[in-house]
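Colleague: Protein chains in written order, with the numbering used here: chain L, -4 to 253; chain Z, 29 to 299.
Hints are computed from structural coordinates only; laboratory data are not their basis.
Any given hint might turn out to be false.
[What the hints assert, rightly or not] Derived, one-sided and incomplete: chain L residues facing chain Z with beta-carbon distance under 10 Å: (1) L1; (2) A147; (3) A154; (4) H162; (5) I163; (6) P166; (7) S167; (8) L241; (9) W243.
Even for Gly, the Cβ is constructed at its ideal location relative to N, Cα and C.
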Amino acid sequence: MSGTTLAFGQALLLFVLFGIWYVLTETGVLAPFFFGRPFKVMQVIWTWFASGKIYPHLAITLLETILAFAVGSLLGLGIGLWLALTPLASALADPYIKALNAMPRVILAPIFAVWFGLGVTSKVALGVTLVFFVVFFNVFQGVREVSPVVLANARMLGASKRQLLRHIYLPSAMSWVFSSLHTAVGMAFVGAVVGEYLGSAKGVGYLILQAEGVFDIDTVIAGIFVLTVFALLLDFIVSRIESRLLVWRPKTAETEAM
Amino acid sequence: MTSAAPAAALGLEHVTCAFAARGGQGRYIAVRDTSLAVGAGEFVSVVGPTGCGKSTLLNVAAGLLAPSSGRALVHGVPLSGINARAGYMFQSDALMPWRNTLDNVTAGLEFHGTANADAVPKAREWLTRVGLAGFEDRYPHQLSGGMRKRVALAQMLILDPEILLMDEPFSALDIQTRQLMENELLELWSADRKSVLFITHDLEEAISLSDRVIVLSAGPETHPIGEFAIDLARPRDVAEIRMQPRFNELHESIWRVLKAEVLKGYAQSRR
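Pulled out of the complex, with its shape left as it was, chain Z reads as follows (with noise of 0.2 Å):
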């Protein structure tokens, strides 16, 4: 495994969570000893089965959540309290529900500081850019379940963020809605390459986005496994490229690792 490099945007290093197990006896390790890094500019994603502590590490590069040894590096300076350098998207919704779109995405500018005046143009600017002018007034209810994703991207886009972190932002979408919003993530992020750490546990769209895919164990103690490099060419659709013989090799490789994983998780939820 890769300890976090000097030049990486983000990392982890040795990064262990322990939680007080549920019923109060002894500690429940979601996560034991993980180091990763995501290198300026580069799309990482991280697979692994259901419930392995995918999300506890998103939160620990947050800093949303203080890891119990182990620590987050943003552009190699130890992380303390919340990663101001990140968005976070959410795999459920975030939005907040008393505020229409507009207000949902003028809120981090308005958090900083930034005039209303200064905050409302840009905000108008960002929801064309994700393909709801017009929406401006509705309230998150009113929307539909990709409606409120672009409305989160364009709320986390808006603050200009180094590094995205993304928990399974599409994992509510339906096929179609899906595939869409990745190439839109794909086409914003190719206009000015920021660092991405990408969680998921759909292989395919693992594949289809990052330019390293990074392979967690099943929990509790989960660690990486396996790593690796997809050296598909970009720009990509994320539906035609299902179609390439390289990406079906890579797909193979990593799902021989990921597979005995996927089971013993599965096993574990049905015990």
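Here chain L stands alone, though its shape is the one from the complex (with noise of 0.2 Å):
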């Protein structure tokens, strides 16, 4: 199938999805009290872009999720580096580090909401709890997975500990790290729009939980389908990057046009 048949079909199985919907809420098989009316919700989507509503909004949200996704990624990729080449201090954290991983992070936010306040703060902490362990993972896999022989040549060629630091363990590290940014980019985003529905003043998740307190489920479908958008739009930017940092991976079966 070709691109743009398949973006047709594509297109096409949405627009069925939202025809079942329209039918089962109109003909009062689903109660649209609990499952809204497509109509009302693209009209909400529609007021709330219009009117330019949204925009504080998704802004905060957006500002949330990328300081949670930085600060995280950039935690991660230290602190990974750091225990990968140390393994003393890989040996004493492990115990601990499983432990927080385990641990359902997400009841950490009212603990931030108390420390950092209502504000963005414990948005972005809640998040960087998130996003730390999946990029840290990644990062410790990637030290230990480089190979061998790699290391050997360029220590044979002269390369420093710095060196190899920079010019192996790193770079090496980098694939992985860039594999775990989807998740990482979607666990920011949990984190931002959690911490929001937990109690904010300002944030997509905030308008969510308004919402949701007056039984507006209409407003509510509304929300998430603006988060929803905005989901695959950062996961699109990550690829884009991805896909300029990586030039040097192998794709399977490569040619070039003539």
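Mind docking these for me? Both chains are given alone in their own frames, and the hints should help you get the complex.
Modeller: Next comes the structure, spelled out in structure tokens:
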């Protein structure tokens, strides 16, 4: 199937799903009170963007996401590299890292709200705890998986410890980090929205919380749609950066255009 | 066996390498009491059955592995740490996959602090010499096996090491590419005679390239069991030299020693 036909098919599938939703709620098979109405939902989204009411909320949510993503990734990268290269430290920290990772970190949200208030910081903190472990484990694995031959070769070529870190461990870990960035961006988003949902004065999560308080299911669904679209957008941006930075990575069956 | 003479560029003296055996019980002695020497400008090959600890010896000579006892000497000086006067060509791909051809070749100079402006022209020159001009921007995965070996060769030779350590560098190549690479290696080597320690399990390759061939016993406890001077005239063509009667004589006499070890090694691998 060619790209355009596939895209058409995918659009058609979306249309059909909306159609089913519309018919089921209009005929009363599904109660509109619980399942919303597709046109109502789209109307809400339209008003949000037309009136500009959504922008400050979106800006806050995206800011929280990006900060959580950046801080969590950098911490994961730094601590991952450090622990992977210091066996003693990693052996000492191992059970605690496992425990922290096993802990459902969303329950930290109330604590962060107490520590950092209801502003941006508490959401970023929650996102960081989610992002950190995704990146951390991948960096750790990436360093462990460095080819011993490539490493020995670099040493024979005269690389110092610092140069090994910069030219061997880091690039090797980066390819693992990038494969985790999609998950990491998603996690940062989850941190931001869940944080807002549990207590905030701004953000898309706050809009959803408000709407839910008055049983306005259409607005809740509209909020979910907006979040989904922006999550896809962030994922797309990560893909673009990834393909830009990882040109060296072999793809299966690669031919060149003549 | 010759022990390392003072003039030798590279010497191993009574090297023994023991590893913790798999399963943690006892020790596995890969190499026992091995002494060998490579003279300045000499091309020495070491042949032995697969899995007999040839690479272990090379890693000791490179300073990548400290022997359990014995020592490696470089121009008579005991080696500690990485052998900075040696270049190492590995059996498997050792190029940095995230660097393109040019950056892989400049890597050694970069590690030694050479400015990029000096390193790049030198790398281009080496790439031309190994026949890869025009492939500067390719990444290792975009090159064929033979091309990757050429890059590895340029990467090693750009640092102008006095000693070349080569661990079955061409074993993964098809026979035609392999003979081309062997001829190229001989040509580069004859230009400025470096001391070469060449590891292989291919006796024909060893004879056609070397001044001297050392035969190792089957593992464990590998040690040299024979040494043969190869008195074939240079310059050589590795494809043509195999037709010479003298080549066959040498092959026959070395094979007589090697065959028993190969069979021993085979029997062990089947156990």
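Colleague: Holds or violated: H162/L as interface residue toward chain Z, Cβ cutoff 10 Å?
Modeller: holds, 7 Å
Colleague: Interface hint check: L241/L, Cβ to nearest Cβ on chain Z, cutoff 10 Å. Holds or violated?
Modeller: holds, 8 Å
Colleague: Quick check on the hint: S167/L CB to chain Z CB, less than 10 Å?
Modeller: holds, 8 Å
Colleague: Minimum Cβ distance from A147/L to chain Z below 10 Å?
Modeller: At about 5 Å, which falls below the 10 Å cut-off, the nearest Cβ of chain Z leaves the hint on A147/L intact, so it holds.
Colleague: Let's test the interface hint: is any C-beta of chain Z closer than 10 Å to that of W243/L?
Modeller: holds, 4 Å
Colleague: Quick one, is the L1/L hint okay against chain Z at 10 Å, beta carbons?
Modeller: violated, 28 Å
Colleague: Should the hint that P166/L touches chain Z count as held when the rule is a Cβ pair under 10 Å?
Modeller: holds, 4 Å
Colleague: Going by Cβ atoms only, is A154/L closer than 10 Å to chain Z?
Modeller: Cβ of A154/L sits 5 Å from chain Z, so the hint holds.
Colleague: A closest beta-carbon separation below 10 Å is what the hint needs, so does I163/L meet it against chain Z?
Modeller: Interface hint status for I163/L: holds (7 Å vs cutoff 10 Å).
Violated hints amount to a single one, hint 1; each of the other numbered hints is respected by the structure.
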